[in-house]
Each structure stands twice: as structure tokens, then as C-alpha cells.
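Please build the complete structure, drawing on both the sequences and the hints.
2 protein chains.
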Amino acid sequence: MPLSPLRDLARLLTRGGLPLGLCGGGRSAWPPQIFGGGGGPRPLATFGKESSTTAEGAVNMARPRAEADEIKVAVGVVGPGLVGKALLEQFRVQLPVLRARRGLDIKICALANSKRMLLSDSGIELSDWKDRFEGSSEASDLVGIKDHLLSCSMPIPVIIDCTASDYVSDYYQQWMESGVHVITPNKKVNSGPLERYNAVKKLQEEKHVHYFYEATVGAGLPVIGTIKHLVDTGDRIKSVEGVFSGTLSYIFNSFKRGTKFSDIVKTAKENGFTEPDPRDDLSGTDVARKVTTLARESGVGLELSDIPVESLVPKELESCSSSEEFMQKLPEFDDQMTKLQEEAAAAGEVLRYVGSVDVATGKGTVSLKRYPESHPFAQLNGTDNIILCVTDRYDPQPLVITGPGAGAEVTAGGVFSDLIRLCSHFGAPS
Amino acid sequence: MPLSPLRDLARLLTRGGLPLGLCGGGRSAWPPQIFGGGGGPRPLATFGKESSTTAEGAVNMARPRAEADEIKVAVGVVGPGLVGKALLEQFRVQLPVLRARRGLDIKICALANSKRMLLSDSGIELSDWKDRFEGSSEASDLVGIKDHLLSCSMPIPVIIDCTASDYVSDYYQQWMESGVHVITPNKKVNSGPLERYNAVKKLQEEKHVHYFYEATVGAGLPVIGTIKHLVDTGDRIKSVEGVFSGTLSYIFNSFKRGTKFSDIVKTAKENGFTEPDPRDDLSGTDVARKVTTLARESGVGLELSDIPVESLVPKELESCSSSEEFMQKLPEFDDQMTKLQEEAAAAGEVLRYVGSVDVATGKGTVSLKRYPESHPFAQLNGTDNIILCVTDRYDPQPLVITGPGAGAEVTAGGVFSDLIRLCSHFGAPS
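Residue numbers (this note's numbering), protein chains in the order written: chain A, 297 to 726; chain B, 297 to 726.
If you're looking for bench data, these hints aren't it; they were derived computationally from the structure. The structure presented is a predicted model; accordingly, all values stated were derived computationally and were not measured. Treat the hints with caution; some may be incorrect.
If chains are identical, the list can't say which one is meant, so a pair holds when it fits in one copy or spans any two.
[What the hints assert, rightly or not] Pairs of lysine to any residue, SDA-like flavour, derived with a Cα cap of 25 Å:
#1 635 / 612
#2 426 / 530
#3 503 / 393
#4 368 / 716
#5 524 / 388
Structural data, given as C-alpha cells:
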């Protein structure tokens with residue numbers, strides 16, 4: 297588009313007082329587009345490259361969604377491990393569908409783990425990303441990734457942190473400050489120091505950068521988004537309570553008369569339901585992180601250390617030097633777990649490892665509790681999570697969400713849905 | 297901002313090839329703003345009114361979110377009845393909060409029922425909308441409402457249809473064609489003729505207008521949004537099954553040994569849990585509408601008439617001329633319902649009125665079924681809805697959502713959350 301019609305347009309803008317705007321044009325990669333003032337991210341018109349176009353004529357050349365009208369997103373994935381790998385596979389299958397049906401042009405422009413990284417301007421081919429990634433000789437650089445995404449020709453940069461690393465989450469602020477959005481199943485920021493959490497949330501509010509973390513609680517279950525919508529629409533959370541660990545759900549759903557606690561932990565470990573060291577699950581810290589997150593979502597600014605946690609690791613085994621030693625000694629403590637189980641059963645109850653937030657008292661707790669057989673918590677199967685939310689509107693009957701709350705596929709699905717949510721904030725069709 | 301710096305800016309745009317855009321300025325109501333090209337709806341900078349500003353200087357005057365940067369939404373509410381009234385009350389309390397915290401400037405610029413309407417450019421004061429509305433002498437005009445919203449100074453127009461009227465839903469296409477978004481708990485489009493449904497969905501895809509209807513199934517429970525996110529992220533729905541009528545949930549949750557079916561229907565009617573004529577609930581049509589909706593969300597294009605529905609209205613009472621006559625004669629049929637209840641109880645089971653969609657066979661059904669006491673459907677209380685969704689990822693353990701699925705407050709909450717979702721598509725902060 298030559299200078300002269302643009303000037304005409306400038307005149308139209310200033311003289312006519314039209315609430316219109318112009319983007320792109322000139323030598324820019326974007327074709328000129330007219331925007332309505334104030335609200336809509338969608339252009340009212342996208343112009344062709346005809347050099348004789350006058351401003352007035354151009355406005356009449358409005359056309360429906362074209363390639364230039366796609367939502368272009370440059371994604372960096374940090375931590376292509378279990379969840380990251382599942383996510384990249386979901387991307388491989390589904391990104392072409394999203395592009396064709398919804399106009400979302402999402403490209404994976406960076407991959408990194410703690411050692412190396414792979415950058416691309418045009419998007420990494422996902423059919424053989426693993427070979428390419430492992431063949432990369434570039435050293436990992438979490439600032440470099442951000443700079444690369446910002447330099448890509450895709451205007452929406454986002455980093456998806458699929459690690460569980462506190463080191464990585466320390467970069468969120470820096471990334472977000474420079475306009476990069478963050479999506480993560482990593483619980484470290486939301487359950488870490490309030491100061492860092494508040495700084496990230498403040499950036500989210502003030503800088504129009506987005507920070508989504510649906511998969512930090514219940515994996516792909518719609519927990520965080522649901523609570524946020526309740527709060528946004530003026531409902532008031534009274535309490536949130538649930539079974540938030542797939543591992544501990546499995547263990548107590550299986551712990552019935554005639555079974556041994558240590559045998560169940562062993563089976564869970566063998567099936568890959570536990571962390572490499574099962575003490576990481578049995579200590580309750582993971583559940584406490586989720587309780588901290590849910591408390592903050594409900595408006596209670598707790599620190600992880602504020603939450604009393606009933607650890608299921610016997611005191612005597614805390615200092616075992618290896619998980620092998622721990623697993624070997626665990627049977628010595630079967631009797632005391634069996635006693636708890638039998639006492640509960642005698643009262644027609646079951647044991648469940650539960651996290652809860654009480655908004656009125658501002659307290660969170662993590663503990664082993666007993667529930668009658670008819671209670672929703674007693675009805676769980678496998679590695680199901682359950683979340684029970686009492687609010688002004690959902691009282692006395694709570695809103696309850698149940699389902700698999702762990703596993704690479706469902707966690708990746710939760711992360712992916714955050715990415716689609718991010719696109720909506722940039723005008724994606726619904 | 298005078299013409300000359302704007303011209304400088306135009307030069308910067310064309311000569312520098314910068315992917316920047318300019319909105320507002322001159323005599324427009326919007327202060328001049330610089331936009332990044334391509335993606336973000338948020339301005340990079342909003343300028344003050346200093347007349348000596350040069351374009352270069354102006355860019356340096358970027359400031360954080362200002363009033364001009366608010367998301368401005370003009371809402372028309374059609375049908376201020378039970379749900380509409382609850383919604384307006386939620387708006388009264390929460391809209392100031394959303395404006396202060398999230399920069400959402402949402403104003404109610406129109407109200408209408410079948411008789412009259414009330415229009416306002418600057419937003420109807422919500423503390424006494426009822427008096428104002430009832431005092432309005434303007435006749436209802438569903439085209440006039442659209443024209444009014446489009447003429448308001450708020451750039452995002454939306455009509456919220458809180459009626460259950462097929463007549464009103466016939467206007468959606470016309471509204472959406474002219475750029476007005478539609479939000480509704482009204483089931484008529486999603487369960488009505490496929491042709492009209494497809495036309496509305498096509499507009500949603502092609503015209504960048506939005507159509508949200510979370511509250512059509514399960515009221516405020518996150519059902520529609522969850523299924524949509526699963527499908528969008530590449531999961532495949534296999535089946536959706538549940539108790540979708542708060543009324544019929546209440547009736548069968550209460551229908552235990554020693555109770556009479558007709559007594560329970562009577563209590564439900566007295567508590568306002570049924571439609572004025574309980575046959576409207578007992579016929580199963582409402583559940584069939586929800587099954588049709590869920591089938592379409594899952595990718596199965598069913599018509600309402602494709603769904604076999606087991607009606608609970610005895611054949612002999614279908615032709616009763618009034619609900620009074622129906623209620624009077626219903627006790628004659630208690631024996632046959634008691635027989636069903638006792639047969640189920642003898643097998644350790646309960647009766648539940650269930651809707652289901654089987655994606656593989658492409659079929660939907662609505663019928664009275666028996667479930668063992670341990671089944672999630674047997675655990676319901678009050679007017680709870682439950683939805684159980686089996687997908688590629690959620691199999692064999694389904695994703696389950698339970699909670700109050702009827703009532704003005706929770707339904708209004710579901711509608712309100714759609715409005716916030718709409719704002720996200722226009723760049724609202726998350």
C-alpha cells in the first residue's frame with residue numbers, strides 16, 4: 297500500500313473522527329488492516345496489495361477470514377519429558393485440525409530441556425522432533441528461548457513449562473515482563489513463595505500477558521477454570537475439599553480388608569503410579585502444593601508452610617538413604633496402617649487422604665480422614681481425583697468434579713486446553 | 297492529538313515498515329493508541345491529549361491500562377424473568393468489581409420481554425431496573441434491540457436470551473449476521489432443527505461472532521465448555537450419559553420404599569421444582585433437548601425427533617385439559633410406579649431417569665433405568681444433575697461432573713460465565 301492512500305486514511309481518522317485504526321502496511325509483513333476502535337481484535341477489513349487502492353476504496357474491500365487473519369502463535373516447550381512428549385504428540389495430530397477449522401496457526405518454535413535446546417523460526421516438524429532435538433548442539437538457555445520466540449514472525453509468543461522445576465519457574469517473571477505468555481502444569485509458582493506468586497499474578501493483570509495453569513490440580517479436569525469462573529461471576533467459595541493425588545487415591549481405593557499397605561505401595565510403584573521415590577507421594581507435599589494453589593484461587597493467600605500435613609512416611613523411614621531401603625522397611629509398619637483401616641471398616645467407613653481449604657477460617661489442611669461408604673470420596677476408583685466445592689451458590693449441594701487426575705495424556709490435555717484458552721484472548725473464533 | 301504527529305506516525309508506519317497500527321485520535325471518542333500488528337488486541341501505548349506530542353515522543357508515553365483500554369460491552373437482556381432477574385442482580389453486584397479488577401466495562405443497554413423494551417445508551421441503572429422497565433412505553437422489537445446495541449458507543453454488542461422461546465431464538469441468525477454476539481440458556485436452537493443450528497454455528501465460525509450456551513445443560517455446571525475443550529484438544533468423545541433434569545433427579549432421589557410417586561410430584565410442584573404443568577418435565581422432552589445438544593457437541597448431528605423418549609406421563613393422562621386435572625388423576629397410577637421401584641429395590645438397585653449419547657452408534661436415548669446402589673447415578677441428592685463422559689483419554693474411568701443443575705442462581709451464573717468468556721475473545725485480561 298503506497299503512502300498516499302494511507303495519508304488519506306490518516307485524514308479520515310483525524311477529520312472524520314472515526315473510531316478506526318490501521319495496522320500493518322508499508323514494508324511490514326502484515327497486510328494493512330482496518331480495526332474498529334476500542335474493543336475488537338478482529339480487523340474490519342484486510343486489504344490486498346493493489347497499489348492504486350484509495351483509503352475509501354480499501355474499506356470496501358473487506359473480506360472474510362483469510363490467512364492473514366489467522367491467530368499465529370509461537371510456542372516454546374520446556375521439558376519434553378513424560379507430559380511434554382504427550383503434549384507434542386497431541387500437537388502433531390491436532391494442530392493441523394485447529395488450523396483448518398479454527399484459524400489457529402500454532403507452531404512449535406523452540407524445545408528445551410536442562411541440557412540443550414532446538415530453535416526454529418518456521419516451526420519444528422513434529423513427526424521427528426525427538427531426533428532433531430537430540431541432534432541439536434545448542435546449549436539450553438532459558439533467556440535465549442524467550443528472545444527467540446519474540447523474534448519469530450508469529451505475534452503471540454508462549455512458553456509451556458512441562459518441568460516440575462523450581463529453577464525454570466523462576467524465569468516466568470522475566471518471560472512475562474517481556475510479553476511472553478506462560479502455560480504450565482508445574483506447581484512451583486502457585487504453591488511457592490507468595491511474593492513470587494503475587495509478582496506473576498500482578499504481571500498477568502497489568503501487562504496483559506497471560507498465565508494459565510489448569511493442569512496443576514486434577515490434570516485435565518476442569519478445576520482451576522471452574523473456580524475462576526465462579527469467583528469472576530461473583531460467587532464466593534466457602535470450601536474446597538478433595539482427593540488430589542492420583543497415587544494416594546489409588547493406594548487408599550485399594551487398601552481394603554485383607555490387603556497390606558506396603559504391598560499396595562509396591563504395586564503402585566511397579567505400575568508407575570508413584571514418583572521414583574514413593575516417599576515423595578506419601579509425604580503429602582504434593583497434595584499440600586495443590587491445597588496451597590486452591591486456597592489462593594479461593595482468595596486465601598497461604599504459604600505452603602502454613603499447611604499442616606499428615607505425612608504417611610513413618611518417622612523412622614524418613615532418613616532411609618534410598619527408595620529401595622524405604623520399600624524394604626515399609627512392611628514393618630503395615631500393622632499400624634491395618635489397625636487404622638480396620639477401625640474405619642468397623643464403623644462402616646473408609647480411609648481417604650484428603651486436602652481441604654476452609655475459606656472462612658483461612659486454613660488449609662492435608663490429612664488422612666475417614667468417610668462413610670456413601671460419601672462421594674468413598675466411591676473413587678483407580679487413580680481418580682475428586683474435588684468438592686461449596687460456594688454461596690453451590691450450598692448445601694456442592695459442585696463436584698471427579699475423574700483421572702494424573703497421567704501424561706490427561707495432563708497434556710489440560711495444558712493444551714490452556715493454549716486454546718490463550719488463543720481466545722487474541723480473538724480466536726469460538 | 298493534532299494532524300501533524302499523526303502524519304509523522306503514518307510515515308513511521310510506511311517508511312519504517314513497522315508492524316504497528318494506530319486507533320482513535322482526532323475527534324474520536326478514543327484516545328490514539330498504538331497496536332502491535334497481527335495478533336494482540338491490546339494497545340502497546342495509549343497517548344495523552346498533549347497537543348505538542350510528536351509521534352516518536354508519543355510512543356514513549358506508553359502507560360499501563362487506562363480507561364480507554366477497557367473492554368466495552370453493550371448487553372441486551374431479552375426475558376427478564378426468573379433467570380434474567382437473577383442475572384441482572386448478579387450484574388448489579390459484580391459488574392463494578394469486574395470493571396475495577398479486570399477492566400471490563402459491561403453495561404446493560406437494553407431490556408425486553410414479549411411486550412415492551414427499555415433502551416439506554418449509557419447503561420440502565422440496575423438498582424431500580426424493574427420500575428424503569430415496567431414504566432417503559434416502547435413496544436418490544438427484537439430487531440430494534442439489535443440496532444440499538446449496534447448504535448451504542450460500546451464496541452462489543454451482545455444479546456442474552458433468557459427466554460425459553462423458539463420465537464426469540466429465530467432471531468439469532470439475524471442478530472449474529474449483523475455482528476451481535478448471542479449468549480443463552482435457551483435450549484431451542486441447539487435442540488431445534490439441525491438446519492437452523494448449523495446456520496448459527498456457521499455464522500459463529502465464519503463471521504467471528506460468538507454464540508455461547510453453557511447453561512443449556514447442567515445450568516452453571518461446566519459441561520459444554522469441558523466437552524468443547526476435550527474435542528478442541530483432540531480427545532474423542534465416546535459417550536455422554538447422565539441425569540440432566542433437576543426435577544426428575546429430585547423425584548427419583550426421593551422415590552423410596554414407602555413413598556408414593558404422585559406425592560413426590562406434588563411436593564416437587566409445590567417447591568417450584570417442576571414446570572407449571574409437571575407433564576412438561578415428566579414427558580422427558582426437556583431431557584431429550586439436552587441429549588440432542590450433547591450429541592451435537594460430541595459430533596453427532598441428531599434431530600430431537602431421532603431420540604426415543606420414555607415418557608413418564610401415563611398415556612391416559614396425556615389429554616388432561618389442565619395440570620390440576622393431571623395432578624388429581626396421577627395417584628391412580630401410583631401402583632405401577634411402586635411396582636417398578638420395588639422390583640429395583642429387590643435387586644439392590646434404584647430408578648433413575650437418564651439421557652445418553654452413544655457416539656459410536658450415533659444414537660441418543662432418554663429412559664428410566666435401574667442402577668446399583670454403588671453407581672454414581674445412585675448417589676445423587678436433591679435436584680443434582682450428573683454428567684458422565686467417556687472419551688479416548690477418560691476411559692475406562694470417566695470424567696464426571698455433579699451438582700445442582702437447575703435454579704435461577706446457578707443458571708444465571710452459567711450465563712454470566714459465558715459473558716466473561718466472550719470478553720476473553722476481545723482481549724480481556726485473564
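Cross-check of the supplied hints:
1. Within a single copy, residue 635 and residue 612 get their C-alpha atoms as close as 18 Å, which meets the 25 Å cut-off; across copies the closest is 60 Å, which misses it.
2. Taking the closest pair of Cα atoms, residue 426 and residue 530 come within 25 Å of each other only across two copies (21 Å); inside a single copy the shortest separation is 46 Å, beyond that limit.
3. Taking the closest pair of Cα atoms, residue 503 and residue 393 come within 25 Å of each other only across two copies (19 Å); inside a single copy the shortest separation is 31 Å, beyond that limit.
4. In this assembly of identical chains, the alpha carbons of residue 368 and residue 716 lie at most 25 Å apart whether taken from the same copy (12 Å) or from different copies (23 Å).
5. For the identical chains of this complex, residue 524 and residue 388 are inter-copy neighbours only, at 19 Å across copies versus 30 Å inside a copy, given an alpha-carbon limit of 25 Å.
Checked against the numbered hints given earlier, the structure satisfies every one of them.
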